[in-house]
Structure formats: C-alpha cells, structure tokens
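Enquirer: Each chain, written out:
There are 2 protein chains.
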Amino acid sequence: MKATAIRTLALDAVAAANSGHSGMPIGMADVATVLFEKHLKFDASAPDWADRDRFILSAGHGSMLLYALLHLTGYESMPLSEIKNFRQLGAATAGHPEFGHAAGIETTTGPLGQGIATAVGFAMAEEILRARWGAKIMDHHTWVIAGDGCLMEGISQEALTLAGRQELSRLIVLWDDNGITIDGKVDLSDRTDQMARFAASGWDVFSCDGHDPEDIDRALSAAKASDKPAMVACKTHIALGHAAQDTSKGHGALTDDSQNQAAREAWGWTHGPFEIPAEIKSQWEAIGARGAAEKAAWDARFAKLSNAKQVEFSRAFARQLPRKLSATIKALKKQTSETAPKVATRKASEMALEVINPIMPETVGGSADLTGSNNTKTGDLGVFMPESRDGRYVYYGIREHGMAAAMNGMSLHGGIRPYGGTFLCFTDYARGAMRLSALMKQPVVYVMTHDSIGLGEDGPTHQPVEHLAMLRATPNTLVIRPADAVETAEAWEIALEQTETPTVLALSRQGLPTLRTEHKTKNLTAQGGYVLAEAEGKRQAILMATGSEVAIAMAARDLLQAEGIGTRVVSMPCWEIFEEQPDAYRRKVLPAGPVRVAVEAAIRFGWDRWLYGERGKREKGGFVGMHDFGGSAPAGDLYKHFEITPEAVAAKVKEML
Amino acid sequence: MKATAIRTLALDAVAAANSGHSGMPIGMADVATVLFEKHLKFDASAPDWADRDRFILSAGHGSMLLYALLHLTGYESMPLSEIKNFRQLGAATAGHPEFGHAAGIETTTGPLGQGIATAVGFAMAEEILRARWGAKIMDHHTWVIAGDGCLMEGISQEALTLAGRQELSRLIVLWDDNGITIDGKVDLSDRTDQMARFAASGWDVFSCDGHDPEDIDRALSAAKASDKPAMVACKTHIALGHAAQDTSKGHGALTDDSQNQAAREAWGWTHGPFEIPAEIKSQWEAIGARGAAEKAAWDARFAKLSNAKQVEFSRAFARQLPRKLSATIKALKKQTSETAPKVATRKASEMALEVINPIMPETVGGSADLTGSNNTKTGDLGVFMPESRDGRYVYYGIREHGMAAAMNGMSLHGGIRPYGGTFLCFTDYARGAMRLSALMKQPVVYVMTHDSIGLGEDGPTHQPVEHLAMLRATPNTLVIRPADAVETAEAWEIALEQTETPTVLALSRQGLPTLRTEHKTKNLTAQGGYVLAEAEGKRQAILMATGSEVAIAMAARDLLQAEGIGTRVVSMPCWEIFEEQPDAYRRKVLPAGPVRVAVEAAIRFGWDRWLYGERGKREKGGFVGMHDFGGSAPAGDLYKHFEITPEAVAAKVKEML
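Line by line, the protein sequences give chains A and B.
First residue of the first sequence? That's 1 in UniProt numbering, and the numbers climb one at a time after it.
First residue of the second sequence? That's 1 in UniProt numbering, and the numbers climb one at a time after it.
In isolation and in its complexed conformation, chain A is listed as follows (with noise of 0.2 angstroms):
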C-alpha cells in the first residue's frame, strides 16, 4: 500500500485544488516506490548532504509525486499541511516544483526538458567533485523521471547526446512510458523508438514493467550497474485504476467524486482523503531514515579530512569567494589601468579568467563550440572527460540550451561555479534554461560574447539588437556590458560576488581602448553607472553608454568639448545595480537639467527609463543606437552605416540643446 498512498495524496490534493496533475503521479508510484524504497541514497532528516543522491522530477507537473514522497518520507518542511494546501498561494507545494520551496527540491521543473537537461550539470559536478575529493567524499547517483513530453523537447537531445559523450554512468533516467500527452496518444505526434535513440547516443537502455515492483527492482539494478548513462522505459498507465485511465483526460486534474472514489477502491484504499494510515507512513518514515547509517559514515569520513579541506569544501558549497580574489582583481585593474591594452572585452575577459581560475578551484567554464572565440578557456583548467575527469573546461559542443541547464545542474549540486560561453545572440536558444537560472536564483555566469553590430561580417542572425533588452526585462539578472578591460575584470568580480542571481556578461568581439586608465581600487561598476568623464566647463550634455559605445561616447565628448559644450559621460554597465543605488548616488550621476544622449549599438527598448525618467526631460533626452536587425559588413562599416559614430552623437546633442 505505499504506493497507493502517494496514489491518494496526489488524487486528494489535486481534487482539493481543483487544479494540477493527477495522472502521472498515480501512474508514476510504483516505479518511484521502488526508487525511494531500494535505490536513492538519501537521509530525510539531513537534506543537504552534499553526497545525497540527487532524484529530478523532470515531468514537473507531476509534482505531488514528488509533494508526496517528500511527505511520506518525513522531510520536516513537508507536513502535510502543505500538502493539502497544494497549488495555494505561499505553499510550498507549488503547482510545478519550485527549487527553494521544500528541502528535497533539487531543482525547479515544470517547463518540459530542462530536468533531464540540469540533471546532466549534477552528473557532471559529481564527476568533478568526486575526481577532486575521492569517492569517499562524493559518490552518488543522479536519477531522473521523464515523461514524452521531457523527451519531445530538442533540449533533451542535447542533453543526452552531452551525457552519451560524456559516459556519465551515474545519471539513470526512468522514463514514463504511458504514451499519452495532453492532446492525445503519443502515436498522435511521435512515433520516435526512444529506446534505440538513447543507444544511439550512447546510453545503455533497459526497460521494465513499472507497475511491478520486483521487474523495477531489476531494471534499475541493472541500470545502476552500467557504466554508461542508462534509461529505463518504465511501460506505465497514466492515472492507473482511475476511470480516467490511459486517456489524455488522465494528464490533468482528475475531480469527479465518484470517479475518485472509485479508483480508491480499485486501489483497496479505505482510508479517507489525505489520512494516511500510521502504519504506511511509519514504513515509509523507516524509507527516509534508511540512509542515516550511511550519511552518519559519510560524516565520519568527513571528519577526517584535514581542517583545511574542510573548509576549503565548505567554502565552495557556501559560495563564499577566497580571500585572494579581491586583492587579485584589483591587481588586474592595476595592471590593465597602466598598460591600458586595447583588446576586446571577450579577451578581457580571458584576461580576468586567467587569475580567477587558479585561485578558484571551484569555477567550471566551457563553452557551446566557440572557444576561441568566447575566450572561456584558460591555460590551467585541463578538459573534463571521461579520461579526464578533474578537467575543469567543457567542450559543450552545439548546445547552448544543454549547456545552460547543465551548469543550472552544476550550480544547484553545489561545490561548483559554473560559467560558459556562446555568442549573444544565441541567448535564444539558451533562454529556457537561462530564465530558470533567474527563477532558482543560481549564480551562474553566461559569457555572451559578439555583443552587437561591432562582430560584422556575421550579420543580422548572428547580431544581438533586441538581446539585452530581454536579459533586463528578465528578473534577478545581472546584466554588465563593460566598456573595457578594467570593467570587464570588475564585471567579473561582481558575478562572482553573487550568491542568488545569474550574470550576463555581454562581451564585445571588437577591440576597445582601455578607458580607465586610472586605477581606482573600488569596484566602480559594482555602482552600475559612474561618471566616466566630467564636464569640462558648464555641464550641458550627459552621454550614456555601455560597452563598445562607451568609447564612441567618450570621443563624442571630445568634439563636443572642442566645441565649447560641457560634456559628461555616464558608463552604465548594470542597470539593474545602478536602479538599486540610493537616489542621492543616482542624482549625483544623472542630475536634472542637461541634455541626455544614450549610446548603445542594441534597440533603444528600455532607456526611457533613464533618458525620460530619472530627473530626466522628455525634449532633452535622444538615443542613438539601433532600430532595426543589423546587417553583413566589416564592423566599422555598419556603425557607420547605422550611424553610431561620435559625430552622430554630437549632432544629436547640439540638435537637443
């Protein structure tokens, strides 16, 4: 009857919400009983343990699966008040599972694929972690439910042909195998053998009956002991019993009373809704308390570490940067302040990374097959393989969505800080995955090189111009567009000084001149935007800017200087920090009264808020930038043919004083 009583809580709670998922969990609970019951290393009372298995609910709509087994299994943040609570307002049993809501969320699913995908990222930090602190410190497993829906979506292709590449053997997928979707049968739309799909990507693949306990037993058995990434088709009856049973109404919330009731007592079930008899629960408390042994060895063995390994884990697992880093960064300013290199921010970026990376054994980079040209990769990191397991650079291949979930997966397993590159524009692809960086609060670091027109000959599909208006509208991302090499080092202390927020960094193909030839030891774009330039005489004309237009707006400022008009220039790198800055600070940067022009090579979208807003006046505020797609040609050629020129800048301004 274990089984039956996830059955009962997914049924009661989805019937009490008049809302969710009831088909999957009560399909899904025999294969998940056995799961809990024989396999997953996990301790109910310690949660956190950083050697747990990881179990992903990729099928997020089937959550009260998850809600259930949490419950049933004694995890303290979720009593059973949540659960009948399912899908209210501040329950932590949300309609899909939010990663932060309840221990033993390992991660948010519910946009279909991207588990699969981040359950990749926590294979892959077990592999790192377990090269870098021995099988007595990390050695577990990575196991993942899938639905079609998870297997439909092309992020999962990427995900898998990843993990095939990559031989990751401890990441096992149970596959629910019901063949049903939400508007109709599978056959309706796929027709794919996903069996010899896996094969063929290099996954050892196994099926079974997964409405019987000893044949899940034996595949997942079977499964745990290849040394490949395996999948096992578990051939299930959405909404088992229920009237509802095997159909596309099975997928969504099953409310009929008497239907329900029914499938209660198909199930022998005599118990009313959401009572759990004491002697199920106490057998699946005995479930969660199976791993304590083990966690209180693993305790033992962690013990045993020298002092200085400890903390050196815990440091990772907290976030919390080394000492060094600051006092590292500010070298590189120092440096860079007085060799003043005009180098693109990209390298620049490569600059930073070449003095963070050996003092941060935690950091991971990679990039979707344009190493070279993102410059994610330094000379120390070696290349994570399966030959090479303490490689801290990976070669992600043509997947920008696989890699964003894969480093989700890194970044929410803990001990890692994983960054990757692609070009910006490629923001696209990887947009699903990014926006649950966003959502989970994960610190990771996107390196989005090629940030505008200033890459060229690419063209327009290759051009972000809309790309950093949609990484500003997204919440709790860090959006920094430096203008040069000393920004860019700042940039990168501030994304390594998050502990809750995604950063993207957007990085220009082109060279830039050094611009802070000052060196200052504060982290100026830790303000968002700064004074650059003052105004040399009256203060008539504010210029903003980001990145590669900084330098346009500098010498913008220099025509209009000789000219007589006092000029300052504002670089605003982060937006989001400098909205956060005391009003005081942002009235001394943006004062009512002058002429505002921003510069920025992207859409305008967005700048009214600094340009009309801020003490701002609707007459005195222009732009130049972008309006439309860019176009092929040599950088230099489309910023003048897009007229994003010093001159044009000028002219705006003298045009609006």
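One should not assume that every hint holds.
Stated by the list, open to error - SDA-like cross-link-like pairs, simulated, lysine to any residue; straight-line CA separation at most 25 angstroms: (1) A:K2 <-> A:P79; (2) B:K620 <-> A:E619; (3) A:K185 <-> B:S388; (4) B:K617 <-> A:V589; (5) A:K640 <-> B:E82.
Unchecked claim - Computed footprint of chain B on chain A; a stretch qualifies when at least three of its residues, placed anywhere within it, have a C-beta under 8 angstroms from a C-beta of chain B: (6) 196-206; (7) 460-471; (8) 537-551.
Stated by the list, open to error - Taking beta-carbon pairs under 8 angstroms as the criterion, some of the chain B residues facing chain A (in silico): (9) A94; (10) A196; (11) M470.
Please keep in mind that the hints were generated in silico from the structure rather than gathered at the bench.
Idealized CB from N, CA, C, for every residue including glycine.
Model the placement of chain B on the given structure of chain A, informed by the hints.
Expert: For chain B alone, kept in the frame of chain A given last:
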C-alpha cells in the same frame, strides 16, 4: 571541374572578404554539384516557380556554396559582382544566407539547426498543397544540407521526429559528415550515431562517399525513392585539398595566399581569382536551364486550371486576403458586441478562427500539444496526417521550436498562412525561430495563450512576466494583447492583413468581460491604442492597459469617477502599431496634462515610453503590474497578492494627483 569552380569561388570570396567559412563549400562542392546537376528540379530563370524543388543550406555559414551555385547556374540576381562583394555592406551575399537578398535563397540560415527545421515546414506545405491542388501542380522535393552543428542543436531533434511521424517522404537531408566543429573534432563533444538516431525517428538512412559523384548520385536516387524522409550521410573532407583539410581551422576563413594557391594547384585549377572559364560556366548554365522544359510543362498544366482556380492559387501565394474576410470579421464583431460574452481571449480567438478558417483555405493551424488550451483547432480543419494530407491542423507535439520553424517553412514555401499555439511563457523555447520570422518578414501568427499570472496555479515557470517586453523589443514583430472578444477578432484581422510581419497574439486563460459593447465597423485595434472610455467631467487621469488588465482599468475608472476624478481609459493592444500612428492621433489619445497610470500584469520594462514620453511627465506617471516572477495560486489570489487590482490602480492615481 564543375565542383572545382564552386571551390575556387568560395576560396576567392572568403579570401577577398578576409572573413567567412571556406571549408564547408569546398567539402560539399561535389555533393552539391551532383544534386544540382542530376536531381534538383529548378529553373534558374524562374526562381519563383511555385513547384520548384527547395534547396536549403541549413549549414548557413557555408553560404558561399549557395552563392556559388546560384551564380554558376545563372540566377540573374547573383552576378559575379555580388560574389566579389561577399560580406560587404549592401551585398546580396551576406555572411549567412539572408532570405530576400537574392532569388534562390529560400530561407535565412546561420543559427544552426534552423534550416533543417524550417525545411520540415517546406515539406509539409508541399504535402498539403499537393493534396489540395494535385500532383500536376504541386510535386516537388525539399533538399537540405546540414552539418554537425545543425544535428547537435536540440531543434533538429524536434524537426526530425516531426518529419518522421509525418512520413515526409519528399524531405531529404544531406548530412555533411566531415567530423569537424569549431572547437575541434566532433568527437570532442559528440559521439552520436546519427544514422541510428535518424532511423529511430522514422527516417530512411543512406550514406555515400561525398567526393565520389557516382556514389553520391546512387545515394540521392535511393533517398528520393524512399517513402520516408531520408537522410544521406555524405562522408566529406572539410577544406578538401587545402593545407587546412580535416581540421577545425578549415572551418573558418582560409586567407593564406600561398596555401590557397597550393590548394588551387591541387585541384588542377589554373585560372585567376574569380575567373570561371566560359566552358565551365556554360556547363553550369546548362544545369541552370535543365528545368526549363519542366517549368514550361508546368505552366501549361497550370494554364489548364479553371480561371477561378488560377486566381485562388495565385491569391494564396500573394498573401492576398479573400474579399469576404473583412465583412466576416465585422459580422463577428457585431454579434460579439451585442451578445457581450464573458470569455477568455483564447476562446475569443477560437471564435474568430471558426469564421476565418472556412473562408481562408490557406490557413494551417496547430499547437505544441496544447490544443485544448490554445483553442487553435476549429471544427472544419481536419488533421494533417500521412493518411489525411488535406487536413489543416497539425499536432506538433511538445516541440515549440520545431513548430515555429515549421511555420516559417510553410510561410516561405508560399500558398499557406500558418498559425500555431503554445503558452506565452514558452516563447522562450521558440525564440530562435520566432526571431527568424521577424528577420525574414514572414507573417506567421503565434497564438500565445495563458499570457500572465492570470493562468493561476501552474505557477512562475508558466507565467510570463518579461515576455511581452522581449517580444516588443524584437524588430518587425507585432505583439497584440487584446482586451476582449471584439479586440481579439480585430487582432486576427490585423495579423492576417500582414504580409511581411509576424504577429504574436497574447491571449488570456481567464474569462474577460466584453468591453466593446458598442459595435464599430472600424478596426480600433488597428490604431494600436485608442480611447475606450472617456473621462466624465474634467480629465484628470489616463489609465493605459492591455489585455486582461483593461477590465481592471475600467473598474478603476468607476472607482475614480465615483470620487469625481475624471478618468479616461486607453486600451493599448499593440504598441508597435500605436507608435506608427500620426503624432496628431497619438496626441489625441495621450494628451499632456493628466496623471498616467499603466496597468499590465507583466514587468514595467518598456512602459516608460508611454508614461514619460508622449507628452507625459515623470512625476505624473505610475505603473501597476509585476515586479518579479509570479506565484502558484488561483488567479484571483495572485492578482490580489501582486496588487494588480482596481483599488491599487485608483490609489496610484490619487497618489499622483
């Protein structure tokens, strides 16, 4: 030497531009030559021939392959001067193939995987139109050249499983199996057995030596004969014969003069840069003229159609609306105004489709497995399946990106007006292809329902907050968020009137009252924004709102008017259109003076344009909406929790009066 002509043009153009990708055109020249010489149905002098085979270069970075083929076979819009001008401002020969730049460029490619996924739409269009018009009028193939990058992108999985399920036997993918990516050997990041993967997806698979014309011809013939979609693995050497052969260096721009000269010699090519001997050019031109007779025969068959059929065929390809549409929409609006139903705008969208689809046989609808939620299927459509090719509804499966790309393909093919649905939040998954709709100027209609926290319990993973801003920030994209059933009908009319712009319809899950209860024949939504309710007495406040929040603004108006505060409500369903209205009209709608409050259950980003700009005043502009991600709870609770209520709107107005 025909293939060598391609190689040298690619080598010369890239070297002259000092930018581009030499290796792929060099490696695939033999395959492309056999394809164009022996298989592709085309007539270079009639590039718009509706029944031509489509050739899609999914590996778009190898653009010089396509440009060389178009030039050599005699496409008028691809003279040698364009080849010489490769990657320069204003040239037809952009870095990646851009649809519209020259005849013969069937679609924009470059973002990897898009071409192969778009091709699925081309092939679907061919099936649908063949079913409707008969094989005498529509009977062609879609050929794709795809590289490893295309196949690693997740979108390719969505594309090929959709094609497999739909048994699109006229679709043939030629895989450039050269084993090289930018980061190095494919093996660095991928070991997928592509043949097995395609087979698992329902494809027939073939292989050939990509440098042996006879073997290529054999494989292509076999692929054409298959009754499934077919993939031909063409084993090639990237940058064949060049010092960079079989290396990742060969992927990029080969610009070393002496190496290039050595390659020329290895190829036995003795002519100068950009020089094609007349004999070889005339051989190619003969290939370009090969289809002329077939084209003439087609013309004759087309001429035999009844005049009405010819007109109808041409109307659909010209994207002209049926005459009846305007009257039909007006009648629906009248009826809706009179009956004033309280329905969700997704339901209102279905009501509009119920009258549109019967009179527009060129529409093809679908959904990414949310048919019942997106309300995209009308009774008359029938389902597109291998056994019912005349069906006009597509069960796309859980493949948002694949759906969007397929819609691009159908639209580009011509003769079809595609629309498809998912939740607005999953715009994230479809972004890559949606951006291409805009860039390629394809009037695809995206039916994006569940457009805010109003979807309720599914929670923040499903609740868009930044997506309206993202879409509004995208050039050449209409974002229409109708307030009620009347505006929804108007929105559909606008979307269908577009010939060069995609439209996103943002539609509510929740029921909304009909606000437009007074029938107007004029399409008010086509002004972008308009006065829905005038202030009574002195106009002290203007409330601006979109979609489901317009009803909240109307209720707030009631509260304010009750206190004697004259309040106008402006419905702003489409910013992009409002922006294009004459200043005099915008001034009438948004005059200077009154307090302005914007109400939208999304983040504020972008609204400052209307609050502070347009004669607005900083101190007199306020926003009621979202400031972060949403939550999981019944919709009503969320609106209260996030304080998006009439009371909050009224309070915000009074605060600023």
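Enquirer: Taking the earlier hints as the rules, which of them does this structure contradict?
Expert: Going through the list in order, the structure violates hint 8 alone and respects the others.
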